[in-house]
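Going down the list, the protein sequences come from chains U and X. Residues are numbered in our numbering as their position in the first sequence, beginning at 1, plus a constant of 24. Residues are numbered in our numbering as their position in the second sequence, beginning at 1, plus a constant of 24.
Just so you know, these hints were derived from the structure itself, not from any lab. A couple of the hints might just be wrong.
In silico contact screen, one side only, chain X against chain U (beta carbon under 8 Å); selected entries [said to hold, decoys possible]: (1) Ser170; (2) Asp197; (3) Thr231; (4) Pro358.
We put the CB at the ideal spot given by N, CA and C, even for glycine.
Protein chains: 2
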Amino acid sequence: MNNDARILLAHGGGGRLSWQLVQEIFAPAFENPDLDTSHDGVVLGLPKSQLAFTTDSFVVRPLFFPGGDIGKLAVCGTVNDLAMCGAKPLYLSASFILEEGLEIEILRRAISSMAETARSVGVRIVTGDTKVVEHGKADQMFITTSGVGALLSDRRIGPKQVQPGDQIILSGDIGRHGIAVMAQREGLAFETTIESDCAPLSGIVATLLATGADVHCLRDLTRGGLASALVEIASTSGRRAAIREEDILVSEPVAGACELLGLDPMYVANEGRFIAFVSKRDVDTAMSALRSDPLGKEARVIGEVGSETDGLVTLRTVSGVDRVVEMFTGEQLPRIC
Amino acid sequence: MNNDARILLAHGGGGRLSWQLVQEIFAPAFENPDLDTSHDGVVLGLPKSQLAFTTDSFVVRPLFFPGGDIGKLAVCGTVNDLAMCGAKPLYLSASFILEEGLEIEILRRAISSMAETARSVGVRIVTGDTKVVEHGKADQMFITTSGVGALLSDRRIGPKQVQPGDQIILSGDIGRHGIAVMAQREGLAFETTIESDCAPLSGIVATLLATGADVHCLRDLTRGGLASALVEIASTSGRRAAIREEDILVSEPVAGACELLGLDPMYVANEGRFIAFVSKRDVDTAMSALRSDPLGKEARVIGEVGSETDGLVTLRTVSGVDRVVEMFTGEQLPRIC
Numbered sequence: 025m026n027n028d029a030r031i032l033l034a035h036g037g038g039g040r041l042s043w044q045l046v047q048e049i050f051a052p053a054f055e056n057p058d059l060d061t062s063h064d065g066v067v068l069g070l071p072k073s074q075l076a077f078t079t080d081s082f083v084v085r086p087l088f089f090p091g092g093d094i095g096k097l098a099v100c101g102t103v104n105d106l107a108m109c110g111a112k113p114l115y116l117s118a119s120f121i122l123e124e125g126l127e128i129e130i131l132r133r134a135i136s137s138m139a140e141t142a143r144s145v146g147v148r149i150v151t152g153d154t155k156v157v158e159h160g161k162a163d164q165m166f167i168t169t170s171g172v173g174a175l176l177s178d179r180r181i182g183p184k185q186v187q188p189g190d191q192i193i194l195s196g197d198i199g200r201h202g203i204a205v206m207a208q209r210e211g212l213a214f215e216t217t218i219e220s221d222c223a224p225l226s227g228i229v230a231t232l233l234a235t236g237a238d239v240h241c242l243r244d245l246t247r248g249g250l251a252s253a254l255v256e257i258a259s260t261s262g263r264r265a266a267i268r269e270e271d272i273l274v275s276e277p278v279a280g281a282c283e284l285l286g287l288d289p290m291y292v293a294n295e296g297r298f299i300a301f302v303s304k305r306d307v308d309t310a311m312s313a314l315r316s317d318p319l320g321k322e323a324r325v326i327g328e329v330g331s332e333t334d335g336l337v338t339l340r341t342v343s344g345v346d347r348v349v350e351m352f353t354g355e356q357l358p359r360i361c
Numbered sequence: 025m026n027n028d029a030r031i032l033l034a035h036g037g038g039g040r041l042s043w044q045l046v047q048e049i050f051a052p053a054f055e056n057p058d059l060d061t062s063h064d065g066v067v068l069g070l071p072k073s074q075l076a077f078t079t080d081s082f083v084v085r086p087l088f089f090p091g092g093d094i095g096k097l098a099v100c101g102t103v104n105d106l107a108m109c110g111a112k113p114l115y116l117s118a119s120f121i122l123e124e125g126l127e128i129e130i131l132r133r134a135i136s137s138m139a140e141t142a143r144s145v146g147v148r149i150v151t152g153d154t155k156v157v158e159h160g161k162a163d164q165m166f167i168t169t170s171g172v173g174a175l176l177s178d179r180r181i182g183p184k185q186v187q188p189g190d191q192i193i194l195s196g197d198i199g200r201h202g203i204a205v206m207a208q209r210e211g212l213a214f215e216t217t218i219e220s221d222c223a224p225l226s227g228i229v230a231t232l233l234a235t236g237a238d239v240h241c242l243r244d245l246t247r248g249g250l251a252s253a254l255v256e257i258a259s260t261s262g263r264r265a266a267i268r269e270e271d272i273l274v275s276e277p278v279a280g281a282c283e284l285l286g287l288d289p290m291y292v293a294n295e296g297r298f299i300a301f302v303s304k305r306d307v308d309t310a311m312s313a314l315r316s317d318p319l320g321k322e323a324r325v326i327g328e329v330g331s332e333t334d335g336l337v338t339l340r341t342v343s344g345v346d347r348v349v350e351m352f353t354g355e356q357l358p359r360i361c
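Can you make the complete structure from the sequences, with help from the hints?
Okay, structure coming up:
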């Protein structure tokens with residue numbers, strides 16, 4: 025297959041060109057002992073009888089941006105969702121919807137990025153599918169990944185496990201992914217190039233859970249940002265989450281870009297940041313573990329869970345006023361992931 | 025949410041409208057004890073330590089056609105891939121890429137069809153995702169499902185298990201799905217309305233495997249039809265598959281439509297038909313089991329695996345001539361699934 029070749033409808037037709045695409049592009053990139061390109065599904069071993077299962081579609085525009093691309097994002101997004109269930113990611117599926125006329129070289133770059141990211145976290149891409157739609161009926165490439173993972177412990181982790189007194193830890197600065205993609209898409213140039221925080225969080229979560237710290241809930245901050253993640257957890261748990269603005273880290277360039285664009289960094293997407301709800305007695309253990317990992321070296325306790333049962337999120341602003349944080353209505357930045 | 029409402033970009037934004045879409049449309053339709061809409065993934069129990077895992081994207085146009093729709097197809101396609109691994113389908117994920125402006129009522133119909141099909145086979149839709157792209161950047165709705173299933177036996181089932189002497193059974197008539205979708209799309213009217221064969225095959229496969237018959241390979245006939253499925257299996261196994269045209273059932277209306285349109289039914293897509301490679305000594309047991317199920321009442325032995333190791337498929341035509349069946353190059357009918 026030439027590098028200047030383009031995707032044809034027949035690449036999605038289930039015949040020779042489909043087969044060629046799998047054999048020449050997908051199979052070599054994703055090579056691993058569990059990958060099965062000869063069958064429509066795959067049989068896998070699992071160390072435990074409980075598994076975590078998740079899926080996400082990726083429609084980011086543009087496909088490539090500072091700090092990442094759709095391929096890296098498609099692996100990180102699903103790996104991170106598994107990590108947030110308290111699971112070690114084991115296997116991924118990858119399904120592609122391609123627009124007729126897409127340059128094969130673009131597909132190859134995205135796939136190579138997927139393969140590299142998957143290898144870096146020890147997760148195997150084991151099964152997949154490709155469909156092609158007519159030119160103008162999709163936007164270059166959409167990727168859907170699903171993931172299966174093994175629970176790292178028997179402890180249930182989720183919004184319903186949140187308890188009064190839990191400390192809320194934020195793993196790093198916020199808003200970089202959304203601004204990086206937006207700047208690339210709109211051709212905005214800031215003084216400093218803002219790079220997406222896109223990163224796989226399975227390693228740092230494993231480090232955190234290995235301490236045995238009493239972790240009640242984990243959530244990566246994606247679409248809707250820190251605010252939406254907190255509102256969802258507070259509302260599901262029925263507990264109040266009280267956070268402090270002064271402890272929420274926003275880098276200088278991101279803060280500047282947000283001011284310029286009229287965006288609130290609390291609602292801007294991230295792809296490598298998460299929050300952890302941890303028992304008060306274990307917060308030091310958790311913080312040490314997080315800070316020992318490069319992805320958590322700026323982790324901070326940003327607030328705690330109150331005894332109120334109103335399911336609200338309150339923010340103490342730098343000027344000392346408390347205000348209720350709402351779920352965002354509408355769309356700040358479309359197609360950010 | 026009004027029935028005449030339309031999808032907005034904000035329905036994919038991770039804020040209030042995303043939440044509303046999940047709570048009002050997805051959650052009630054897919055309701056089951058394992059569905060978790062409060063978290064990005066879900067933790068599941070598995071009866072065995074081996075699982076089958078598969079994924080497929082669905083881009084069929086039009087979304088609704090005689091005998092099925094994109095929702096039914098999205099469940100059947102993934103359920104059938106799990107069944108072909110010899111697994112009982114347990115859990116599905118569902119990820120939606122929606123075009124801005126899509127009528128909510130259309131989404132609701134597709135989802136209700138997914139839910140109904142899932143319930144009919146006892147598989148649970150447990151996790152999902154929704155993205156929205158701008159009007160003109162997708163074609164109404166694309167659905168990607170992934171599935172996890174538990175192996176029904178310890179026997180490995182796949183192309184590499186195919187043995188010389190294996191009998192090749194086809195579960196019913198071919199070509200109905202492709203012609204049904206094509207006719208609907210192009211506004212072709214035949215004397216009889218041709219209905220898609222779209223159906224979940226997990227029940228009939230469970231019946232077959234419960235007999236203990238020595239089944240070596242199973243494959244559902246989707247894109248590329250019977251011919252492509254046979255060519256792939258023969259080529260992967262390195263064995264020759266010899267089939268007889270006279271034993272391959274094509275209904276009168278499908279045969280007529282194919283003749284009119286210049287299509288070969290051997291390459292036309294199906295969504296509820298499969299082939300089974302079974303040891304010669306167990307073929308009667310297998311045939312009885314298949315014929316006891318409404319989806320297999322027209323099952324026939326269409327050929328057998330030879331001792332040649334050339335990986336070819338040969339077809340003995342009704343006129344008694346043997347010809348090699350090739351993998352299709354190009355695209356007969358785009359966006360059939």
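Hint by hint, here is what the structure shows:
| no. | hint | in the structure |
| --- | --- | --- |
| 1 | Ser170 | holds (3 Å) |
| 2 | Asp197 | violated (19 Å) |
| 3 | Thr231 | violated (19 Å) |
| 4 | Pro358 | holds (5 Å) |
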